[in-house]
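Working from the sequences, and respecting the hints, build out all of it.
Residues per chain are reported as follows:
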Amino acid sequence: MKQLLYGVAYYFEYLPYDRIDQDIEMMKAAGINVVRIGESTWSTYEPHDGEFDFSKLIYTLDKMDKNGMKVIVGTPTYAFPTWLAKEYPDVLVERQGNRLPYGARQIMDITNPTFRFYAERIIRQMMQVTREYDNVIGYQVDNETKHYGTSSRNVQAGFVDYLKQAFNGDLDALNAEFGLDYWSNRINAWEDFPNVNGTINGSLAGEFAKYQRQLVTDYLAWQTAIVREYTHDNQFITHNFDFEWRGYSYGVQPDVDHFAAAKPLDVVGIDVYHPSQRQLTGAEISFAGDIARSIKQQNYLVLETQAQAFKTWTPYPGQLFQLAFSHVASGANMVEYWHWHSIHNSFETYWKGLLSHDFQPNPVYNEAKKVGAAFKKLSADLINLKHTAKVAFVVDNASLTATSGPWMEFGIGEDAKYNDVFRRLYDAFYRQNIATDVLDPKLIDPAKYDLLVVPMLYTATDEFLQKLNDYVENGGHVLYTFKDGVANEHVKVRTTRQPGIISQAVGAHYEMFVDPNGEGLADSAGVFKDVDGQISNWAELLETDGAKVLATYDHHWKSYAAITENNFGKGMTWYLGCWPNEAIVERLVEHIVAVLGLAGSYQVQFPLIVKSGINEQAEKIDFIFNYSDENQAIIMPFAATELLTDTSVAAGQEVELAPWDVKIMKRG
Amino acid sequence: MKQLLYGVAYYFEYLPYDRIDQDIEMMKAAGINVVRIGESTWSTYEPHDGEFDFSKLIYTLDKMDKNGMKVIVGTPTYAFPTWLAKEYPDVLVERQGNRLPYGARQIMDITNPTFRFYAERIIRQMMQVTREYDNVIGYQVDNETKHYGTSSRNVQAGFVDYLKQAFNGDLDALNAEFGLDYWSNRINAWEDFPNVNGTINGSLAGEFAKYQRQLVTDYLAWQTAIVREYTHDNQFITHNFDFEWRGYSYGVQPDVDHFAAAKPLDVVGIDVYHPSQRQLTGAEISFAGDIARSIKQQNYLVLETQAQAFKTWTPYPGQLFQLAFSHVASGANMVEYWHWHSIHNSFETYWKGLLSHDFQPNPVYNEAKKVGAAFKKLSADLINLKHTAKVAFVVDNASLTATSGPWMEFGIGEDAKYNDVFRRLYDAFYRQNIATDVLDPKLIDPAKYDLLVVPMLYTATDEFLQKLNDYVENGGHVLYTFKDGVANEHVKVRTTRQPGIISQAVGAHYEMFVDPNGEGLADSAGVFKDVDGQISNWAELLETDGAKVLATYDHHWKSYAAITENNFGKGMTWYLGCWPNEAIVERLVEHIVAVLGLAGSYQVQFPLIVKSGINEQAEKIDFIFNYSDENQAIIMPFAATELLTDTSVAAGQEVELAPWDVKIMKRG
Amino acid sequence: MKQLLYGVAYYFEYLPYDRIDQDIEMMKAAGINVVRIGESTWSTYEPHDGEFDFSKLIYTLDKMDKNGMKVIVGTPTYAFPTWLAKEYPDVLVERQGNRLPYGARQIMDITNPTFRFYAERIIRQMMQVTREYDNVIGYQVDNETKHYGTSSRNVQAGFVDYLKQAFNGDLDALNAEFGLDYWSNRINAWEDFPNVNGTINGSLAGEFAKYQRQLVTDYLAWQTAIVREYTHDNQFITHNFDFEWRGYSYGVQPDVDHFAAAKPLDVVGIDVYHPSQRQLTGAEISFAGDIARSIKQQNYLVLETQAQAFKTWTPYPGQLFQLAFSHVASGANMVEYWHWHSIHNSFETYWKGLLSHDFQPNPVYNEAKKVGAAFKKLSADLINLKHTAKVAFVVDNASLTATSGPWMEFGIGEDAKYNDVFRRLYDAFYRQNIATDVLDPKLIDPAKYDLLVVPMLYTATDEFLQKLNDYVENGGHVLYTFKDGVANEHVKVRTTRQPGIISQAVGAHYEMFVDPNGEGLADSAGVFKDVDGQISNWAELLETDGAKVLATYDHHWKSYAAITENNFGKGMTWYLGCWPNEAIVERLVEHIVAVLGLAGSYQVQFPLIVKSGINEQAEKIDFIFNYSDENQAIIMPFAATELLTDTSVAAGQEVELAPWDVKIMKRG
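Residue numbers (our numbering), protein chains in the order written: chain D, 1 to 668; chain U, 1 to 668; chain C, 1 to 668.
Calculated directly from the structure, the hints in this document are not laboratory data.
Do not take every clue at face value.
Copies of the same chain look alike in the list, so a pair counts if it fits in one copy or across any two.
Unchecked claim - Quick list of in silico lysine-lysine cross-link-like pairs, BS3-like style, CA-CA up to 27 Å: (1) Lys620 with Lys377; (2) Lys370 with Lys558; (3) Lys620 with Lys386; (4) Lys210 with Lys86; (5) Lys63 with Lys2; (6) Lys86 with Lys164; (7) Lys56 with Lys164; (8) Lys390 with Lys448; (9) Lys369 with Lys558.
So, in structure tokens, the structure goes:
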């Protein structure tokens, strides 16, 4: 990228009347320099099977071109026309034996050859129409693709083939590895393989989830290859990845392997939606940004984020401005709202855009104008910021799905699911202003980091766990949690003492685990002094093999350790054997940060958040955010120039931040 | 009607043994003078396809006739025989693609020709058998008819035809009006029209709901026309309408357009079920009665209400007596219990009747005797009471369904649905003893009223909204609420500033709305002084264009108005832009009542409820109810005669009411 | 039995590697002398249709034989092979019209002839392989069999035949008895009989539930007869019955008639799972044991109970030891854990066994060693203990299902279902250390007991109720509850005054019932002095016909009785007409115990629990349990020898019990 992009999703097709000229005028007034178009209007472009009408797309492209607006074109495949459903009902995905009805988006079977045929044809048509536009800077393939639970006959067959290959046709090996003798699930001939929808076997289900994620990877690679036949060198290909959805972007996406699926793309795109108003913390922007940036160790695009959106998200004055720079501070080169204008019919009528239904300037639009101006002014300072982190999280789709299913009777509890654990740890580092990367076991190079945080890596290969032991032995540091290292890559629980291979570096093991059931923590080494020792959901009864005990339990299980610290080789490990409240996690992270000397120069923590990067001029840029309703102050550790206001600040000077304020400091 | 009717539903067919003589004797002893029979025993009357056996019906009719008991005969079509389901499974309604199993009532497809054929035949047979009975005073067609979600192939086809006609075959117009380009839902050929069950388009879904209500109207008209071929001039035709069910009659019925469906009937019938015991307020009897009376501006029949019913409804001593007059006070000419005797098997065993399973006199039956005696004594005074109201509610099925669907991502919140808003406003007027009518936009004549209350009229035509503006300009008054006037008649949000057309009379507008998220109201003009300003779920950020601000928000959004008052032409409007607690609504209504001088002569409010009417002798009758567990007193504004006790009361005299008491005053 | 059995379920087939020798060695070290094998690995034994491979079974049997370990062999039919599902999909049970997918256990249609054919063949093959082993002491047929909601075409047809027979083909009688005229459900020809899945008729549904339970009885009798062809005289046949499951064994099993189904068996087996840790009370072990023992008035086997199981059940130190003797104290001759080793894959990975996944000795295993040693030492003292109870509960499947269905609109409330009522009463007796039997109306001989407790016997024959009247008249005592005696055996409510026939002995009746709705109890006779009078869910308005009033209601219904006591003939009855809190039930039970002189010699109550039995040497054995986290003390009423410690205890001596302790006293 050569400049900061500020964009909106724009649907000329949805407009109740043609007001494109006014729209573009208003966009330009707000400093908006890019629009994303085309990704959900197949039915407009191909009104009948094989009849194409790109007039609205061309009209939009021409207008944008004339006005110097850049465009990202989306392939329109995530929502398909009525005529296709009518002609070929089996393009509709079959989930748990039920074919979804026509109506919503994201209801296609991404493996269906008929769907692929029609998708390919519309993509090729659209590429021919759009590729020669100078202002088309890139393409987005599909949108928020997932597997949609596809489990139709061909998927079942494909999965059996996949297993046959993985096990070299050795059914006995498969039965043994997956424990299929249990409840007579043993499969004695490949042709007996049952539909996996009904399975209660966690290994089989876990492997099927992996296979379904592979289908997503394949599908995106297939689309990317088609688009790649047409793009020019200056046009990128991206995709809009999203995250586990809990009414907003909450954590690691279970249905897509972001790290694998992003490979054929030029640049990673994401959508980030988050709580706002009094509930705004910036944590979702940070974790999602860390993932997006880590995938390719490269800057990324925010293809969608909220403008007004819902009644609970409409930003307080100041927040929209602050939010734009939150994204940039994490490494985004583009911030693009979903969407320009609120829609007057259908499903997302009240997922509001930058403009309300009346298309008039409003307080949020007016604040966007300030963002646009600041982006323009600071583009050269803030584009392509490089980030470095001493701490990395290791996250893992397979562990996420393995710990989610009913087949596990896992019972850690509703509030301690994989992403809860990831987020409670992530947020503790975030709130203490420790920069982090987020990677998966296949991509991470431990040697690059001072500390790895490994939340609930339930299923992992011996090799990776051994690699972590080696990393520690050679001077690395790992923070482990309960349920780490329990099962092998096929979700078969290890027969060694838990936590298996990593016990060696952890210097402790356990044979039993219990529900705290009222039990709490007792501080053993001063780390948790004067903190409420409340834990819930899970307590491993740790016995040390040399590790130092940081906390034990406090009643029936007080002879067991709950949190340990260990020196192993030249490195150290921490093991969190229970599910504690936020205060305890925060203390543990503080302790580790202190032991390892990870703290940054700014001695602040949430609600003051600091993010830093190196710009193309090799200058160090610090973003300081006040995520609160109150005024805050910070003592500057350096002399700097505040870029938004062009103000010089002396080292040691107190800088005030209004509620929901942001300052951007260029050091020196 | 010539006399007050006091009735029960009577099912001779359900009796465990023939005790009709004792039953009639006990009815007569209780002053019961009418029974409703026949409406759910088709299988008894037509045991095999084409074989009819009305012996039990005739036996019952003869017995009733001999004993001078009037009879309302119900057509038996809302529950059909096993043999019909066996022979023609497609008479069972198909809902969301699933055909319901045989067993319950109200499971037929009201559009199915086979069902229509068999229903017509049994109706005609039954009419021939019953029409010549002198004591048959009327017929009820079907029972609590709704569309039951019918969406089978023929209904889908019918709906497409309906749209084709509505849009003169112009698909482009339909696509534009309904916003179908969104998510590639665009329909480019009529034959591509997808099954509407899966739609996520609020306009399409809203129109389908309208079409389904039309099916109910058509079905009742069809049955009425058949019955009409047989009735004599002195026999009426009615139907038993019911209301949105939340364990009791809560609000406007979403699945039937009462105002349209009642047209072919002679008299409106309803069923009213309501909380009882400590939870009895009389509000359900009042709102349901207001609707029933308003439909034809005429007295109505309570075809079903509770005697003992459920364990939570068994009336306290005094309540059954009070309740009978609550209905009469609202304009009912008949009060009929469901049902005479509790049923010994099946589904409604514990929906108890006037008698328990033992058929013995019991406290509730004994109280019914007092009702019967009082009805007999006061029939001439209380029959055909005329009511006048200065205030009318405008309610609207289409706005109800448009604001209910998931396709809206509407998010006002679980506690602020259409009927919640209707009821909170209705109840405030009720508790302040302001008489009201309830009508819909098609029927209402604004000029007849001093004040219209328009809760959440989300979808409306330009014409109607303009009519409301004109009404105000010419001296009328309207109380509007949030979400009024937002969308046109096809649930397409207006592109003007909200609240669209009515903004003119409201003198305010808004571009944004938020969740209060902890925000409250701040009093601006004294109306809400010293009231808890708590609001929830919804807050429109109003900016005035001349309106007076009655309340603003109190924190982040304090620069915006929340409740306004405006003079427009010769009239006034109030706009309630948020969802406040009951106390605030009550204050607002008090304020409006004071400004417009709407208060009645009795200076009381809930738990003392006063209802008034003019009888056939042009005398003014006031009913005074004490809906509480405590004694209450009232100062009489007039001299009057208390009719139940034949006591004279002087003006200014204090009249005491025992708990759950009723007094009936004839003025003068 | 000749010795106390201490066992585990052992699945050689599930082992990740062959460690049978170590396993047996560890079992023997723990005093484990029996294993249950084979009941869920059909697919291992018959890998392809008609190809049998019992090598793993034989290997296990040989190893056990050589090591002197006894074996119970389970028929493997409750989980079937993939090939069978593939070849004959209709072996999968069809529930409410949906065929279950392959995967889980207990998904077969137990009535399906194909399933029966294959089940019979594998059973016969397995019997031939195993019957000659001397160490095979018995067989378990199937496992936790239920009807799984089977309602396929043949079941529907079978049900119609069953009714035809029951009513001698008289449809009119059926229609009358079941009240089918209601809602036009009348059936006028047998061939019109609708699928009963959709029924809303409680009588029909109740009868279908009865028929489904009969299918279970038939299925187990069929399997038992097959197995019986092969067993030697010294080999028993048992089945593993379980109970209503609310996350643990809660109450009477709705889907199986234990009393009927156990008839062909030699010995009753059960599984008992219960809350543990701080939530352990022993009540589940007691009620389940009482049922198991009462069925055949004989000792029983605990075929499954928890070792570590779930995180919430992992026993505190001392509990596993205590629990083993809790079972023996109730009459168990065997305590067998489910299961030996925790499973490394699939569904029950975290339903842990005695060993964790690492197969190492752990605290729970170490405690099992103490159990094994104690069992060995005390076997002769504790085997075949005889119990006598002066109090019996009368429980009834039909009343349970009749009061559960939606067809009842019963509305007693979520917290007052059949098993809630059973358990609240049962637990009150349990906590006061009153020994009880639990029987059903078909088996009980009232004359054997001083007191019968009859919770919610909603449906019963005239004969049985008359028998209870006679029992009381002749000197017996009955504690009745609300809803007793209401309906006849076809769930048709009686037309007499309630509670019908038993009113005579109760000396009271009611015509109405209400929800307490804030109402409480008022003490009338000192029994409930100073207790919180809170009731909920249900209140019958009792009027006495001579009964003494123990409590009335306290507000609107204060003229009615709530709890009564009556002398009838030589006996007495109590009637509990409402659903009170535990304190009131406890007081009522205390009162009855005092009136009838039922208290035992130990003057203690929960958390001290005493159970007594007579051993084969005619010695009286008392078990004393401390079910609490605190130390407790007891004054010995007799001189005794504490058997675990071989300590003599004098009469009047104080004996201390540590938390979760058990003492076993041999009197004298």
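Which numbered hints turn out to be false for this structure? Those not satisfied: there are none.
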